[in-house]
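**Q** If you want the building blocks of each chain, they are given just below.
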Amino acid sequence: MALDKQTVYKISRLARIHVDKVDIDRYASQLSTILEFVEQMNRIDTDNVAPLSHPQDRLLRMRADSVTEHDRRDDLQSVAPMIENGLYLVPKVIE
Amino acid sequence: MAWETVIGLEVHVQLSTNSKIFSGASTSYGAKPNTQACEVDIALPGVLPVMNKEAARKAVKFGLSVESEINQRSVFARKNYFYPDLPKGYQISQYELPIVVGGHLTIDTGSGEKRIGITRAHLEEDAGKSLHEDFHGMTGIDLNRAGTPLLEIVSEPDMRSPAEAIAYLRKLHTLVRYLEICDGNMQEGSFRCDANVSVRPQGETELGTRTELKNINSFRFIEKAIEFEVERQIDLIEDGGTVVQETRLYDPSRNETRPMRTKEDAHDYRYFPDPDLPPMELDDQFIDSARQQLPELPDTKRHRFMEQHGLGPADAYQLTSDKATADFFEAVLEQTRGDAKTVANWVNSELAGYLNEANMVIESARIDPGMLAELINRIEDGTISGKIAKDVFRSMWNGEGTADQLIETKALRQITDSGELEKVVDDVLSRSREQIEQYRGGQTKVLGYFVGQVMKETQGKANPQQVNELLKRKLESGD
Amino acid sequence: MERHRALNAFITVDPEFSLNQARAADKMLKNGGSRPLTGIPIAHKDIFCTKGVLTTCGSKILSNFVPPYDATLIKRCHKEGMVTLGKTNMDEFAMGSSNETSYFGPVRNPWDQVRVPGGSSGGSAAAVTARLCAAATGTDTGGSIRQPAALCGITGLKPTYGRVSRYGMVAFASSLDQGGVLTQSAEDAALLLNVIAGFDPMDSTSVEEPVPDYGSELKDDIDGLKIGLPKQYFDEGLSPEVGVLVRDALRVLEDHGAILIDIDLPNSELCVPCYYVIAPSEASSNLSRFDGVRYGYRSEDYEDLVDMYMRTRAEGFGDEVKRRIMIGTYALSAGYYDAYYLKAQKLRRLITQDFERAFELCDVIAGPTTPTAAFEIGAKSSDPISMYLNDIYTISVNLSGLPALSVPAGFAGDLPAGLQLIGPYFSESRLLNIGHRFQMDTEWHRRIPGGFE
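So the protein sequences, as listed, match chains A, B and C.
Take 1 as the starting number for the first sequence in our numbering and just add one per residue.
Take 1 as the starting number for the second sequence in our numbering and just add one per residue.
Take 1 as the starting number for the third sequence in our numbering and just add one per residue.
There may be inaccurate statements among the hints.
[Said to hold, decoys possible] Think about it this way: if two alpha-carbon atoms lie no more than 25 Å apart in a straight line, the pair counts; the simulated DSS-like pairs of lysine-lysine are:
#1 B:423 x A:92
#2 C:79 x C:30
#3 C:30 x A:21
#4 B:410 x B:390
#5 B:423 x B:387
#6 B:410 x B:423
#7 B:341 x A:92
#8 A:5 x A:21
#9 C:75 x C:30
#10 A:92 x B:472
#11 B:423 x B:472
#12 B:410 x B:341
#13 A:92 x B:214
#14 B:114 x A:10
#15 B:53 x B:114
#16 A:92 x A:10
#17 C:380 x C:60
#18 B:456 x B:472
Read the hints as simulated data drawn from the structure, not as lab findings.
Since this is a predicted model, take the numbers as computed values, not measurements.
The following block holds chain A by itself, in its conformation from the complex (with noise of 0.2 Å):
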């Protein structure tokens, strides 16, 4: 499957990392190369086959509903780019 250079801006959109105009068409092929690739997979029948998202089929564990955490807010935004009156700072969010 090859990637036009619309569908590598959708793609980066999506993923919201920027791509400059001139490297477009790099990634188009890289991608597409990576695409065909893993494309090998369609050699194999696989239907009837349940697919397998965890290892060994686990199920889940569950908790007790109790409360373990307590405020450790300077502590966990020490480490945030811009803080005002203890809320994360970002750019105005339009509604």
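We have chain A; now place chains B and C onto it with these hints.
**A** Frame of chain A; chains B and C shown alone:
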């Protein structure tokens, strides 16, 4: 042309657990920003989710209460999109295999009952909050709410008017509080609603293009938002335009809806099973234990009140609209000689009136069932009149004491001793020559004047019948 | 020491931190509260969060990230009284097989410094090989412990998925990632696994399986042990010189009474395509949290919110990481999910069933760890596919969540190669036992590159 409105609702119910759905942080409301967002909630590199069993139990309780099918194997999936209040860049939700499938709620449309289908209900985590008040041109992010357990309840597009939508929402709101799975506080966002609205010509069976109205946080606004949106769509179509499928926000200040601008290319959510959370399997024992925890449900209770206590539909409906009120009513009834109708009146008019005025819930009222029962008993045994009882109720509401204390301290007991009463009557007659003449002259309605005088002398404590009899006897025996 | 620095094996060394731990260890030893590995110097792959110590995952986007918490594996090592020497270099977000994708520059192979040490745990491998530390931790998503161990001539163990907690380990592909160890011998690996293995309630994929004493079965007899040799692991893809070493190594095990039988893993040839759908898909989602909002790098100039995201991630991630995020994003996107992600998950089951059938015929599976010995820095960096194929013998183990061990099989000229042993779930003791018996009769694992003795 005649148009038909089609409404489907998606309600986000915050499950009232102590801790978050995938972390051990508290879910309590109103803490300082980000003081309840732990390392898992803010999605530090390397952290992992662990599922809260109580959230699953509450979801199952809901499913059982609306006769849904419980998926004993359900799967958590990642819904991928970028938004600053979504720390991981994905929301853990359920997609292909939700925990609850199918079911229904019965609403009262005024013109009879109607079944509203429930498509599914799935578990997911809530997002944080974006605070838009200006931080020098930036937005502030508070992640305290991030990770709060949500049950998203999706209805079929079965509602045909804003009124039906509201009836469904009120019914659901009552139910989740009965089940004690949600506190129902709409101001705090514990019960939020998105509405899918479309219109179509009467008789048309195909659905029209729908718009989604997001996060409307009061019954009144939901009704107004839907009304506005229906009008907008009809006008649009009648002017030859077409409805665009989009998400719109309701603006209460302008009473209008407008398109939402964010998430422009977030439509491709790339759902896939969350590799950090294997499938959730609930055994029969887990589901049975949830069934054991189910209370008597609102409809069952309402019908029982009508049959067992002989109440009318209106009284029964009002009393059962919230569990605390229903329990209060039955507690009073148990402790009083008064009949159900009398008790219902006191709870539905007097008590409800004071609660409304003070904007309080019944649990926080000073008057408990025992106190109200005592008051009603004093009317029944003739210690006080119904009129005095209302004053006593006010004093009880103000915390001045119990009925018996107040009757003593304020000497409100009815005068039933005929000797004492005769003395008062004689006084009144002795200073009313003129009126006696009139009465004996045939103007019997002057009797009211004498009664009034006696009541005045006794500050309303005299027993009205006794006074009447006594006066008649004396006036007619002409001495 | 200059020679050591030239390897670029470490991203962070914190002498003060190490010194404090050493003092604490001394106390434990004096006061009798000591444990088997108290005082032993260890290096941790920079993918494990260490409270108060920079943790970069080899990326610019975390180049300023000092975690406010310790990974479970790190806590366990601290509790044991081990002394952390530093955080080792790695491919960015563990995405690579040569350690060339690190934001902090490539790591050099101590045996030949123009060559790669393998990856992604290349810094850990180089540090142990050069004897800069007794042992190191690593993570293995598609071979990232076993492949560098093989290319550096040391021992590397990838435990059963769920055996070692993933809490605090920066996620690459959650259903494949597994922490493990790189050591000088199978015996050391057993001792270190005793420390890091075990159930963790903080990790929903951690298993409540009892942890044996991995040292106790090391010397057991392997007479009659059935070793399966998959024909797919000895095909034309395998370089002749590595093939010779592996066959010689197998002969050593035969001398101990092991029985070699041929087996078939029919779907294993497609494990690399399968892996390069599943791993990037999970990664594309796992790496979404790096958005410049709560921690890490944020771009200097941007126009609005979306632009801030896009520039932060474009500037913060390297090429290979971006490629994989975009492949994963595409594989999960509407209309392609079934053809890529779902197809890969189905293939994953077939690959796993191949192993189940194989283990009905044999006790363990053996073969080469890599098709070739270490290649030169830059040789494959322009050709992603040829780089991916370097993991052809290691990847299917991750897809199935099995444990596997790589031990030095010998030297092709001056370059080491690895023998890989794959076992059923939770058979770590057996694998270590076989590795140890092999190392009792061979000295490859004792060889130290010139200048590092």
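**Q** Could you check the structure against the hints above and give me the numbers of any it violates, in ascending order?
**A** 1, 3, 7, 10, 12, 14, 15
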